[in-house]
Amino acid sequence: MKFNFFQALIPKDKKFFPLFEKASANLVEISRVLYEAIAKSSPERRKELIKEIERLEHVGDNITHEIFHELETTFITPFDREDIHKLASVIDDISDYINGSAKRLELYKLEKMTLPLEKLAELIYLGVQELHNAILELHNMKNPNKIKEACIKINSIENHADDIFDMAVAQLFEDHTDAITIIKMKEVLSILETATDKCEDAANVLESIMVKNA
Amino acid sequence: MKFNFFQALIPKDKKFFPLFEKASANLVEISRVLYEAIAKSSPERRKELIKEIERLEHVGDNITHEIFHELETTFITPFDREDIHKLASVIDDISDYINGSAKRLELYKLEKMTLPLEKLAELIYLGVQELHNAILELHNMKNPNKIKEACIKINSIENHADDIFDMAVAQLFEDHTDAITIIKMKEVLSILETATDKCEDAANVLESIMVKNA
Amino acid sequence: MKFNFFQALIPKDKKFFPLFEKASANLVEISRVLYEAIAKSSPERRKELIKEIERLEHVGDNITHEIFHELETTFITPFDREDIHKLASVIDDISDYINGSAKRLELYKLEKMTLPLEKLAELIYLGVQELHNAILELHNMKNPNKIKEACIKINSIENHADDIFDMAVAQLFEDHTDAITIIKMKEVLSILETATDKCEDAANVLESIMVKNA
Chain F
10 MKFNFFQALI
20 PKDKKFFPLF
30 EKASANLVEI
40 SRVLYEAIAK
50 SSPERRKELI
60 KEIERLEHVG
70 DNITHEIFHE
80 LETTFITPFD
90 REDIHKLASV
100 IDDISDYING
110 SAKRLELYKL
120 EKMTLPLEKL
130 AELIYLGVQE
140 LHNAILELHN
150 MKNPNKIKEA
160 CIKINSIENH
170 ADDIFDMAVA
180 QLFEDHTDAI
190 TIIKMKEVLS
200 ILETATDKCE
210 DAANVLESIM
220 VKNA
Chain B
10 MKFNFFQALI
20 PKDKKFFPLF
30 EKASANLVEI
40 SRVLYEAIAK
50 SSPERRKELI
60 KEIERLEHVG
70 DNITHEIFHE
80 LETTFITPFD
90 REDIHKLASV
100 IDDISDYING
110 SAKRLELYKL
120 EKMTLPLEKL
130 AELIYLGVQE
140 LHNAILELHN
150 MKNPNKIKEA
160 CIKINSIENH
170 ADDIFDMAVA
180 QLFEDHTDAI
190 TIIKMKEVLS
200 ILETATDKCE
210 DAANVLESIM
220 VKNA
Chain D
10 MKFNFFQALI
20 PKDKKFFPLF
30 EKASANLVEI
40 SRVLYEAIAK
50 SSPERRKELI
60 KEIERLEHVG
70 DNITHEIFHE
80 LETTFITPFD
90 REDIHKLASV
100 IDDISDYING
110 SAKRLELYKL
120 EKMTLPLEKL
130 AELIYLGVQE
140 LHNAILELHN
150 MKNPNKIKEA
160 CIKINSIENH
170 ADDIFDMAVA
180 QLFEDHTDAI
190 TIIKMKEVLS
200 ILETATDKCE
210 DAANVLESIM
220 VKNA
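Chains as they are written, first to last, in our numbering: chain F, 10 to 223; chain B, 10 to 223; chain D, 10 to 223.
Be aware that one or more of the hints could be misleading.
Here are the simulated SDA-like pairs of lysine to any residue, each with C-alpha atoms no more than 25 Å apart in a straight line [as the list claims (entries may be wrong)]:
{"id": "1", "chain 1": "D", "residue 1": "Lys162", "chain 2": "B", "residue 2": "Ile191"}
{"id": "2", "chain 1": "F", "residue 1": "Lys112", "chain 2": "B", "residue 2": "Arg90"}
{"id": "3", "chain 1": "D", "residue 1": "Lys60", "chain 2": "F", "residue 2": "Glu167"}
{"id": "4", "chain 1": "F", "residue 1": "Lys155", "chain 2": "D", "residue 2": "Lys162"}
{"id": "5", "chain 1": "B", "residue 1": "Lys157", "chain 2": "F", "residue 2": "Thr73"}
{"id": "6", "chain 1": "F", "residue 1": "Lys56", "chain 2": "B", "residue 2": "Thr73"}
{"id": "7", "chain 1": "D", "residue 1": "Lys221", "chain 2": "B", "residue 2": "Glu79"}
{"id": "8", "chain 1": "F", "residue 1": "Lys24", "chain 2": "B", "residue 2": "Ile191"}
{"id": "9", "chain 1": "D", "residue 1": "Lys157", "chain 2": "B", "residue 2": "Glu61"}
{"id": "10", "chain 1": "F", "residue 1": "Lys162", "chain 2": "F", "residue 2": "Phe26"}
{"id": "11", "chain 1": "F", "residue 1": "Lys121", "chain 2": "B", "residue 2": "Glu183"}
{"id": "12", "chain 1": "F", "residue 1": "Lys157", "chain 2": "D", "residue 2": "Lys60"}
{"id": "13", "chain 1": "F", "residue 1": "Lys162", "chain 2": "D", "residue 2": "Thr83"}
{"id": "14", "chain 1": "F", "residue 1": "Lys112", "chain 2": "B", "residue 2": "Ile191"}
What the hints contain is simulated information worked out from the structure, not anything from laboratory work.
Okay, chain F solo, but in the shape it has when bound (with noise of 0.2 Å):
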């Protein structure tokens, strides 16, 4: 059996781990509201969904706060300080754009939903889930190599993510005539877009911690 480093390096940790679970696994809640909210609602519904996503961010804040505090109070962590502060900083910052693309939905009055709105809002749900994922296994650590999988999954889906932004802009270009309506739907598939960046920041946090401990 092959040594494994990465379990020596790692010691049990009973704080960090569960604070991460619980805030990726609110990060999939809150991305599952946001694909109802885009995919699946009328408009009334969606009003009560995005309502819904800004109570969930929320409670993404207050899980961010309880891990600043206990990297503050806590002397031995499983992993780099400042990478434990990057990845949960990341996190936060992932569900403040959802919440950002769903209060534009609501701020500019945008009623009718798009394919391309849809396929962004699905792309950073699987994203997300990719991550969460990621973030059990960060914790087993039984094999680094489901960890590397998710983070190369998240890579594709944020460059897919990439295609369907270019090619929805070109396409309002095509579509519309009236530049205001173009402005608008451009600025919620940007933020949307920037979502799955941000969940490929993520990843490239966890891709910095294994390389560390590798």
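With the hints as your guide, set chains B and D onto chain F.
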């Protein structure tokens, strides 16, 4: 009396702290001038202040270069070399974005200032003052909690700026039928909002320095 | 003779340096093709070159993956594992943004190139050449000053690109009354400018490697 790890780890330093204090004091001045230009000036006076902002941005550049130069020639630093590099770079970014905002006002020939522009300029000014206080405290390090509190305030200022930006853009869609005016205003609002993002990045560097040395 | 800490700290490496050199040489080629496409080509020829850019982007992707693979399987690295990861990622980003610029030209059906587009493409090409020179020097490390000089040039190229972008957008507002044309052009100018930002990020990684090992 609790042992203060922080005080133990940061040696007395006569080079970097004074330079960072100069850099953040310059930020306070440049953001004060921006606020004055946007909130309290006639178009003629604004033109003069925009020139003053450009001058202060060059002053900031020179301080950044001094910090980088010290970094190359100094063997023992008060905190991690790479964090000194990051903190100096992000302070330089804030100054760049403030100057960029001022330049756009002029380039786009925007003569009529609006309440959200004023509010964002005020938030930058407030955020930069918190940053300056945190940096002064970094030197004394008598009360690390003060740095933490400043960082929390900077984060909350950035959240506030996000909300102002989102609502201001939504309002543009309500108030204007001319897409070009919307684009111009959105660009200026956006760069002002990004300046508060950069303040948050600076707070993150400070938090990361504290986390590493806690 | 002054003792060179740098040479002492970086062991002879036959894996990473050649891969980074391949990666930055590919960047030089992809940015050269972008410059040719924008500055010197008929619309028909441009289409072919955009395909070539896409091909080179895939070549770059494969080099990035090779670097990541080496990182997983190599125990001793010539500089910090996380900096290898960061440098490879940011080189990949530059290539992505160059390909993204080319794609937008095609997707938005922009046939008429402008002077600011040419100028930005040229600045990317120049910045990438400086980056390539710095990376070649990283290997020999006979003259660390050369890396520093390349980084300073990259920073100044990025500042120049910022100015070109700002003035070009202001000019769009002067020259066009059609908001949709403005939006399209602004999007392409913006992604080109972002490519120079990413060159600056790469320079920051190099500076940070030097700062850590100084």
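* Lys162(D) paired with Ile191(B) [C-alpha distance capped at 25 Å] -> violated, 36 Å
* Within a Cα-Cα threshold of 25 Å, do Lys157(F) and Lys60(D) meet the stated pairing? -> violated, 31 Å
* CA of Lys157(B) to CA of Thr73(F), is that 25 Å or under? -> holds, 15 Å
* Regarding the pair Lys157(D) and Glu61(B), is the alpha-carbon distance no greater than 25 Å? -> violated, 30 Å
* Pair hint outcome, Lys24(F) versus Ile191(B) [Cα-Cα no greater than 25 Å] -> violated, 48 Å
* Asked: Given the hint that Lys155(F) pairs with Lys162(D), does the C-alpha gap stay at or below 25 Å?
  -> violated, 42 Å
* Asked: Is the hinted pair Lys56(F) and Thr73(B) satisfied, with a Cα-Cα distance of at most 25 Å?
  -> violated, 48 Å
* Asked: Regarding the pair Lys112(F) and Ile191(B), is the alpha-carbon distance no greater than 25 Å?
  -> holds, 19 Å
* **Satisfaction of hint between Glu167(F) and Lys60(D), Cα-Cα up to 25 Å** => Given pair Lys60(D), Glu167(F) holds - Cα atoms ~21 Å apart, limit 25 Å.
* Pair hint Lys221(D) and Glu79(B), alpha-carbon separation not exceeding 25 Å -> With a Cα-Cα distance of about 14 Å, the restraint between Lys221(D) and Glu79(B) holds, given a limit of 25 Å.
* Asked: Given the hint that Lys112(F) pairs with Arg90(B), does the C-alpha gap stay at or below 25 Å?
  -> Given that 25 Å is the threshold and the Cα spacing comes to 40 Å, the pair is violated.
* Starting from Lys162(F), check that the Cα of Phe26(F) is at most 25 Å away, please. => This hinted pair holds, its Cα atoms lying about 22 Å apart.
In the structure shown, a violation is registered for the earlier hints numbered 1, 2, 4, 6, 8, 9, 12, in ascending order.
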